[in-house]
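Model the placement of chains H and U on the given structure of chain X, informed by the hints.
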Amino acid sequence: MSADRHITASGGGPGLDRGEATDVVELHAAVLRERPEPIEGREPLNLWLVVFIGVLVFWAGSYLTHFSGGFRADEFSETQINPVPPPVEGGGGAEDPVAKQAKAGAIVFTTYCQPCHQADGNGLPNQFPPLAGSEWVLAEGPNRIARIVLNGLAGPVKVKGADYNNQMNAFKDSLDDGQIADVLTYIRNSWGNKASAVTATEVAAIRKETAAKADAYAAAELEAVPVKGGGAAAGASASMTPAQIKEALLKLPAAEIKALVESLPK
Amino acid sequence: MTPMFLLMAAGSLAVPAVALWALRWAVGHGEFQMPERAALLPFDEAEPVGEATDIILNQRTSKR
Amino acid sequence: MSAPSKTLSALMPGDVPAGDGRRALLAEIDASCRVPVLFFVVSGLAWLLLGTLLALVASIKLHHPGFLASWEFLTFGRVRPAHLNTVIYGWASQTGIGVTLWLMCRLCRVPFVAPGLATVAAVFWNLGLTVGTAGILAGDSTSIEWLEMPRYATPILFVSYAMIAVWSVITFRLRTERHLYVSQWYLLAALLWFPWLYATAQIMLVMEPVRGTVQAAVNWWFAHNVLGLWFTPIGLGAIYYFIPKVIGRPIHSYYLSVLGFWSLALFYNWNGLHHLIGGPLPAWMITVSIVASVMMLVPVTVVAINHHFTMWGHFSKLWHSPTLRFVVLGAVCYTLTSLQGIANSLRSYSEVVHFTHHTIAHAHLGVYGFFTMVMFGSLYYVLPRITCREWPCLGLVSVHFWACTLGLFLYVVPLSVGGFLQGLAMNDASVPFLKVVEGTLPWLKLRTCAGLLLGLGHLAFVANVAWMLARVFGPYRKPVVALLTGQETPVVVGK
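Chains as they are written, first to last, in this note's numbering: chain X, 1 to 266; chain H, 1 to 64; chain U, 1 to 495.
Excised from the complex, chain X in its bound form:
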């Protein structure tokens, strides 16, 4: 636009007699007079553009403030901030056995579990289920959760009302009973979770019961396992009616029934 004005101005104006104007500065001055006001060329930015940029900057500031996890190196979720870096509760006393176990479990967790379930125990939406507040983790006894860690979990599972469908590895061969007990105690007592500690003896018993099972558990199989007690048989005999025991036994995976039968007193 401005160029068109320039051309019109020079064409319609008095023009320059190049023969007369020998002085370069004088020549230049004449041109300057003919050009539109210099202010035209440097007209300020469009008001709407300035408003637009202002809104963007405002949004940027508020988004940065709210979703940066406090700019901490150990905060991986934009929506919440961990109050304490290593969320081991009751960390005051080294003599507190639960805290001691959880401390050891935190190291196991960082190595084997954190890549999927995340440092904040919230997992990843649609991919890896949360441990924080999970009904599987917080069950009264460690029967089901220990089985998941030992053999892995495959296929659809419902956690805190959300569906997940993925594959978790078996840790039977990489972790010993003590380590599994530690990490279970850790996840049952972190991120606001509060549940009983798990002992290596309990894990050893469950490992024995599941020794014959080679593949990963499905959620439905696990639901047949009682939450508490020294294994399926003990759990069944403790609090169930005969009909319930029969039903539970029928749902058990074949491998566990075999293990159960073999463990019966001769």
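Quick caveat, the hints were computed from the structure, so don't treat them as lab data. Computed from a prediction, not measured in an experiment: that's the story for all the values here. Any given hint could be a false lead.
25 Å max Cα-Cα, derived SDA-like pairs, lysine to any residue [stated by the list, open to error]:
1) U/K435 <-> X/N165
2) U/K435 <-> X/A220
3) X/K160 <-> U/S430
Here is chains H and U on its own, set in the frame of chain X:
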């Protein structure tokens, strides 16, 4: 590793430093003084404003 | 001071007799660019053909996995990185450098300085690239995305790059035009940014690899910035020169163009990490990257407004100028791909399109729709001037344009939609993964068709260029056409 890290850090500082220096140079040099003149830089007497320079397609009826 | 008289003549073209001196300078600059620029451009075109071929092989393999599978060097894991490296470093970078050299000479108003240096740089670049591509196909890939070329190839590229950098500094120092045009801002910045990006990534990922998730962060920082701080500034620099030049009208607002440049420089560098949304990185790194991506609305809007208002009232010229067609198409694609990229960087949107073909469509809209189209347009302007020959066949120009445009459309639109649907299916826990893979097949087949169309366009363009070069160097020399005057007068060019 440490010398490499220092090199990276120095590089990351050098780039904004060069940018600031360039901005200062441009302001001092009057680069932002006459925007209407700067916009005319691609043009000169040989190829002035107002003259299209790459009209070659669909010209058969009018030109050749 | 000579600068004011230049302003004067530019303001009043009618009063000043056609400056034969200026015309002679233009002709001299163009002719001096001939050998080095042609070297970069012609080898770039050769890599483009090879890259297109590799792309087709890779694309067919995605829906017919058995295709050419008996040769180890043609397996997908090698063909795909070979495609990426040939088109990025062979075609896009080389042609970009060629166009940059020409634009720098023209805007600095200085004939090509040290053409030997630039030509040797081109030789080294092609040497490094040949070694690198052969290394990838032989199985020596570093397996780091965008940096697949083995470590024995990259130093050669770096030597070549250093020569180009030295050349640009010399040219800039010898300039006879004191003031900088906005294109020069973009080009000089690109020449500064690229070695920084490349050296940093090369050292931190290949030479002295950093550990853990930092690798992913550096990798995405690099890969995303090659687009934004190397191709984007070269492409925008070319657009800012060619649109005003072709339609004969200065840019709408020079202030806006300066704002666009500096906001790009400020925000782009932070963008790359939005590719790692959901990954195990501290939340603030990703959040900062998202904010910077959204702030890219500033340069993108500013550039779009500026180009649109410059073109206002001149859209009919699109019918007549191949340069304008390609460059304006490229400018439109720049706006589109930027907006798409900003959307992709948002957490809720990224959760769907991440890890899908949507990202591939987005990358092609950027590198092909924007950068490659702008480069085609630039070559339609540059080549006739440095060879002093007209385009031999205008029919081929039309074939090139329509095949590439349709091919691009057929590539980007279906793959964007298909990728989005793929993402929705992947997020649905009840859909088995294999079903999701099967669902992408129709879109992948469409992509192969699009690739064939693009290949046809490339062949048409290469044929036209070869024909033109045959008139310069071949046995059927045609008389020189002085493009600037339109008269068929012999103009002495070269030495």
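Problem - Violated hints - listed by number, lowest first - result: none
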